[in-house]
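Novice: If you want the building blocks of each chain, they are given just below.
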Amino acid sequence: MISKRIVLHFPHRLVDQPIVYKLIKEYDLSFNILKAYVTPQEEGLMVLELSGDDEKFNKGIEYLQSCGVRIQPLSQDVIRNETKCTDCGVCVPICPTDALVVDPTTRKVLFYDNKCIACELCVKICPTRAMEVHF
Amino acid sequence: MKTIKEINEKIKKGQVVVVTAEEVIDLVDKKGAKKAAEEVDVVTTGTFGPMCSSGAYFNIGHSKPRIKLGGGSCKFNDVPAYCGFAAVDIYLGATAIPDDDPHNKVFPGEFKYGGAHVIQEIVSGKDVRLEATAYGTDCYPRKKLQTLVNIKDLNEAVLFNIRNCYQNYNVAVNLSDKIIYTYMGELKPKLGNANYCSAGQLSPLLKDPHYKTIGIGTKIFLGGGVGFVAWQGTQHNPTVKRKDNGIPQAPAGTLAVIGDLKQMRSEWLTGVSMLGYGVTLTVGIGVPIPVLNEEVIKSAAAKDSEIYAQVVDYSANYPQCVPGSLTEVNYAQLKTGKITVQGKEVPTGNLSSYSKAREISEELKSWIKKGDFLLTEPVAPLPGAESGYTFKMLKERPID
Numbered sequence: 001m002i003s004k005r006i007v008l009h010f011p012h013r014l015v016d017q018p019i020v021y022k023l024i025k026e027y028d029l030s031f032n033i034l035k036a037y038v039t040p041q042e043e044g045l046m047v048l049e050l051s052g053d054d055e056k057f058n059k060g061i062e063y064l065q066s067c068g069v070r071i072q073p074l075s076q077d078v079i080r081n082e083t084k085c086t087d088c089g090v091c092v093p094i095c096p097t098d099a100l101v102v103d104p105t106t107r108k109v110l111f112y113d114n115k116c117i118a119c120e121l122c123v124k125i126c127p128t129r130a131m132e133v134h135f
Numbered sequence: 001m002k003t004i005k006e007i008n009e010k011i012k013k014g015q016v017v018v019v020t021a022e023e024v025i026d027l028v029d030k031k032g033a034k035k036a037a038e039e040v041d042v043v044t045t046g047t048f049g050p051m052c053s054s055g056a057y058f059n060i061g062h063s064k065p066r067i068k069l070g071g072g073s074c075k076f077n078d079v080p081a082y083c084g085f086a087a088v089d090i091y092l093g094a095t096a097i098p099d100d101d102p103h104n105k106v107f108p109g110e111f112k113y114g115g116a117h118v119i120q121e122i123v124s125g126k127d128v129r130l131e132a133t134a135y136g137t138d139c140y141p142r143k144k145l146q147t148l149v150n151i152k153d154l155n156e157a158v159l160f161n162i163r164n165c166y167q168n169y170n171v172a173v174n175l176s177d178k179i180i181y182t183y184m185g186e187l188k189p190k191l192g193n194a195n196y197c198s199a200g201q202l203s204p205l206l207k208d209p210h211y212k213t214i215g216i217g218t219k220i221f222l223g224g225g226v227g228f229v230a231w232q233g234t235q236h237n238p239t240v241k242r243k244d245n246g247i248p249q250a251p252a253g254t255l256a257v258i259g260d261l262k263q264m265r266s267e268w269l270t271g272v273s274m275l276g277y278g279v280t281l282t283v284g285i286g287v288p289i290p291v292l293n294e295e296v297i298k299s300a301a302a303k304d305s306e307i308y309a310q311v312v313d314y315s316a317n318y319p320q321c322v323p324g325s326l327t328e329v330n331y332a333q334l335k336t337g338k339i340t341v342q343g344k345e346v347p348t349g350n351l352s353s354y355s356k357a358r359e360i361s362e363e364l365k366s367w368i369k370k371g372d373f374l375l376t377e378p379v380a381p382l383p384g385a386e387s388g389y390t391f392k393m394l395k396e397r398p399i400d
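Read top to bottom, the protein sequences are chains A and B. Using the working numbering, the first residue of the first sequence is number 1, and each one after it goes up by one. Using the working numbering, the first residue of the second sequence is number 1, and each one after it goes up by one.
Some clues are possibly wrong.
To be verified - The list that follows gives simulated cross-link-like pairs (lysine to aspartate or glutamate, EDC-like), each with its CA atoms no further than 16 Å apart:
1) Lys335/B with Asp103/A
2) Lys338/B with Asp103/A
3) Lys262/B with Glu156/B
4) Lys112/B with Glu132/A
5) Lys84/A with Glu363/B
6) Lys338/B with Asp53/A
7) Lys84/A with Glu156/B
Stated by the list, open to error - Per the computed footprint, the stretches of chain A lying under chain B, defined by three or more beta-carbons under 8 Å from a beta-carbon of chain B, are:
8) 42-51
9) 106-115
10) 123-132
Worth flagging that the hints you see were computed from the coordinates, not collected in a lab. Values in this document were obtained by computation on a predicted structure and should not be read as measured data. From the three backbone atoms N, C-alpha and C, an ideal C-beta is built for every residue, glycine too.
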């Protein structure tokens with residue numbers, strides 16, 4: 001069993017084609033769509049939490065890539081700018097998935113990118129704008 | 001028991017014993033106040049939080065031909081500054097924003113850039129654009145000035161904050177059913193979160209609650225450099241209710257502080273944007289407390305669990321000036337990450353960085369230990385709890 005948060009980039013030519021449904025039908029994978037939209041460059045963008053049997057998961061990913069979908073882990077897209085962050089902690093109660101928490105000893109704010117769902121709620125409320133999203 | 005002069009002699013000889021406002025807690029717990037007061041000479045405090053009534057003044061030097069900015073207008077990187085002084089003196093406030101900023105027209109406004117950001121850029125050594133207009137006189141004929149300026153070329157660059165370092169603050173919540181955007185951050189509806197803003201047991205004025213050692217003239221860590229307490233801060237309000245340990249239970253004393261911007265560091269003067277509210281400056285301040293006697297160290301050893309703050313509704317009570325606290329909580333409770341308000345468990349967030357406050361108290365400690373920083377005798381006390389000095393609301397009177 002494997003579960004990963006990934007970002008899918010659909011090139012313009014694929015935007016109007018049903019692709020993701022095959023992950024369920026052919027590869028028996030389950031997913032939770034965290035975000036989906038078409039960018040001004042007419043590229044499709046989708047953030048998925050994708051889960052399933054290891055072998056089927058890898059085959060599903062291969063299928064997506066063979067269609068021309070570019071895939072990257074979500075953790076590469078949501079980044080904390082460490083020089084800007086002052087470890088205040090005002091983001092902590094805003095984060096819905098506990099990806100931002102205060103270390104009880106150091107009182108520094110920890111960012112667990114594996115828990116982040118890219119909701120972006122922290123981005124604009126961060127006083128120093130240290131949270132960055134690069135899709 | 002000990003005088004500041006004696007402590008300074010120890011600093012010069014490299015024999016001074018300095019502990020942070022955190023370390024002193026365990027020390028007094030273990031050894032008792034009497035013994036700890038004999039052993040320790042200085043306790044260092046720290047705080048790093050947004051402080052809106054901050055700003056800096058500059059003397060830019062005279063242009064050729066001369067221009068008199070007084071009575072004219074000027075901007076740094078499009079951010080308006082005040083020049084109603086003589087020819088080339090300017091004060092830039094932290095919360096000033098460009099005239100073409102959309103403000104809150106598209107709500108909530110982002111307030112990405114303002115005076116605080118300009119101050120941070122100036123401190124970090126970046127060139128900033130100065131654009132000014134004047135009406136022209138016989139002795140100051142020039143009417144327009146556009147130039148880059150850099151802190152190293154300015155005659156004076158002085159941070160002068162008229163209210164910093166609040167002794168305690170409210171815990172902000174939202175009782176309404178709509179999200180609100182405040183200077184205390186985003187507050188989710190129906191007690192969705194509780195935001196506070198204090199370094200608690202590290203915060204300068206909470207560790208000297210009756211201003212027995214901190215006064216006008218006290219030398220401090222300011223923005224990464226050295227500064228001084230210039231006066232009590234605006235809205236100084238020492239007469240609020242206090243616990244038996246003397247610690248105010250609500251926002252009380254404040255400090256006006258001043259220091260040479262040229263020796264400060266941008267790391268400790270950070271421009272910040274509060275969504276839907278505006279721009280402000282996060283200021284790093286550390287105040288040394290000379291351990292003159294047992295009483296001083298007892299106060300300096302107050303811990304988070306002994307420092308209380310009021311939980312205030314920012315959807316109605318605060319904006320409408322309706323007094324009232326929903327409940328009282330201490331900083332130890334706030335730091336667990338949740339408090340209980342009206343029977344509901346509410347997650348907490350701090351606007352003031354405790355880890356940075358700790359770094360400041362450590363840095364000030366190392367300055368004193370190295371002999372780089374001597375303590376000063378206050379030249380006058382701050383108005384205290386018995387002074388009758390209070391913070392009044394505005395009495396509006398109709399203009400006929």
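Novice: If a hint holds in the structure, say so; if it doesn't, say that too.
Specialist: Hint by hint, here is what the structure shows:
1. Lys335/B with Asp103/A: 10 Å, holds
2. Lys338/B with Asp103/A: 14 Å, holds
3. Lys262/B with Glu156/B: 8 Å, holds
4. Lys112/B with Glu132/A: 14 Å, holds
5. Lys84/A with Glu363/B: 20 Å, violated
6. Lys338/B with Asp53/A: Measuring from Cα to Cα gives roughly 38 Å; hence the hint is violated.
7. Lys84/A with Glu156/B: 28 Å, violated
8. 42-51: violated (count 0)
9. 106-115: holds (count 3)
10. 123-132: holds (count 5)
When the structure is compared with the earlier hints, violations turn up for hints 5, 6, 7, 8 and for no others.
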